[in-house]
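Whenever a hint applies, use it, and build me the whole structure from the sequences.
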Amino acid sequence: MTDSNTSLSHLDLETDKTFLDANELVINMGPQHPATHGVLRVILRLDGEKVLGLECVIGYLHRGVEKIGEHRTYAMFNPYVDRMDYVAAVSNGLGYCETVEKLLNVEAPPRAQYVRVILTELNRIASHQLWLGTHALDIGAITPLFYTFRDREEILKIYEKYCGARLTTHAFRIGGLQYETYNGFEREVKNFLDFFRPKIDEYEELLTTNRIWVERTKNVGKITGEDCIALGVTGPVLRASGVKWDVRKAQPYANYKNFDFEIPIGENGDTYDRYLVRMAEMRQSVRIIEQAIDAIPEGPIMAKVPKVIKPAVGEVYHSIEAPKGELGYFIVSDGSTQPYRLRVRPPSFVNLQALDLMCRGQLVADVIAVIGTLDIVLGEVDR
Amino acid sequence: MIEKFKSMYGSGIEALTYVGQNYITVDRSLIPEILQILRKEEQFDYCVDLTAVHYPAREKQFDIVWVLYSFARNQRMRVTTRIADGETLASSVPIWATANWLEREVFDMFGIRFDGHPDMKRILLPDGWKGHPLRKDYSILQQDKEWVQINLGIESGQ
Chain A
-17 MTDSNTSLSH LDLETDKTFL DANELVINMG PQHPATHGVL RVILRLDGEK
33 VLGLECVIGY LHRGVEKIGE HRTYAMFNPY VDRMDYVAAV SNGLGYCETV
83 EKLLNVEAPP RAQYVRVILT ELNRIASHQL WLGTHALDIG AITPLFYTFR
133 DREEILKIYE KYCGARLTTH AFRIGGLQYE TYNGFEREVK NFLDFFRPKI
183 DEYEELLTTN RIWVERTKNV GKITGEDCIA LGVTGPVLRA SGVKWDVRKA
233 QPYANYKNFD FEIPIGENGD TYDRYLVRMA EMRQSVRIIE QAIDAIPEGP
283 IMAKVPKVIK PAVGEVYHSI EAPKGELGYF IVSDGSTQPY RLRVRPPSFV
333 NLQALDLMCR GQLVADVIAV IGTLDIVLGE VDR
Chain D
188 MIEKFKSMYG SGIEALTYVG QNYITVDRSL IPEILQILRK EEQFDYCVDL
238 TAVHYPAREK QFDIVWVLYS FARNQRMRVT TRIADGETLA SSVPIWATAN
288 WLEREVFDMF GIRFDGHPDM KRILLPDGWK GHPLRKDYSI LQQDKEWVQI
338 NLGIESGQ
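First to last, the protein sequences are chains A and D.
Using the working numbering, you'd call the opening residue of the first sequence number -17 and step up by one each time.
Using the working numbering, you'd call the opening residue of the second sequence number 188 and step up by one each time.
No false leads were slipped in.
To be clear about the criterion: a stretch of chain D counts as covered by chain A if any three or more of its residues have a C-beta under 8 Å from a C-beta of chain A, and this derived list gives those stretches:
#1 194 to 208
#2 234 to 241
#3 255 to 266
Quick caveat, the hints were computed from the structure, so don't treat them as lab data.
No residue lacks a Cβ here, since even glycine has one placed at the ideal position from N, Cα and C.
Have a look at this one:
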């Protein structure tokens, strides 16, 4: 690469002397690196093993999703959102559909709301499973990866049966759902819950009191609640720092207010607490699905939405609690069939900004742990 | 809050609501002061998002939008202002640290500069790229051919 993205000017590299003295060493990590979960490039400034600061270079997966949004109709853009956070495609779709519904002033019927919540919470579990497997792998625990991928497959099977796709599901439509649930949907989801409940204990058995795991994660990548808020960090990272905030509770969307669940929080804001918070979140998701699966009402699955979606002139910001944090959409309508402006507020992009602060003073090896604990998806960072 | 602003600044502020969401449009000159007050006095401590919208037909071509949230009030609000092409805005990084990358993205996509930003450069596109893709006059098929040819060694990226 000859582009000037490689410029290190702001890293205070005053003279070559610094290099010769070996006081400060600048190392490039990525973009092709197994522990960056995609194509993230990090320029590290080191003093021996200690990290003095770092800079993220992003954009390698930039596909211009927001520009594409301006050139597609509202319905046509729906599958594109799956390709941002591709491990939590269902959450992306929920946020997008709800935002357009808000713009149209329609609401999905109750039956659709319940199915949406079930699929979205299953997706939260799947996303956390993938995070756990890869994060543990980065730190050196190989076994959890096989466990979590084995169990995640069960969720993907439910998706495949429901809408034909495992990952980029395009499960929801503006106004509700395209597909009725398949025969035996409730039973299979319940079977999954019964299967999965002991699996969380199994994961925890592998890690929670594992000495190596605790050594590698306790007091690593600490961040305070105030810093999280200043940096706009949301999701499990914010909650592990002791801030009890979740969009599902603070500003309920879909029909989350019907369900009884807790917001797990941590105390220290370190990598270990973020691990505990996500484990507890999986249990809470199981709780939500348990309540929802028995309460799915009969009725239509699609609201009355015109064939050609043409919202009135106006602008709307709406956000949901995606597995990674607050996922928002800001849509400006000019009254035509295509959004005039479609902005995505991606949680991964904003959370990644905290990497510098979280890594300062840590060891090089901990950078890997901190990238993992932030749970970023580069497809969403770069859009 | 809105009444207080109106009595303080008069016609520079307009409060609007659409589908139950509140937003205020503020004159560009009042922006630094209003944002400061929102953060310090009105407890909007979380800058959710910062973005822009391009209206090429207008004299003041750009809408800049701040999406704010207050943990204490559990309330969302949007602040909007209009600026012309080439005009700059004061950076809000001293108010919300999160604005750093968000302002860089606005610069990258729209070419709007923020005065006093610690590191005003592109973030998603490469530094040498020409053009700002989210402007309406930038075609969806357009790309910086020269950059592609020099850096990727191919005739075209399409």
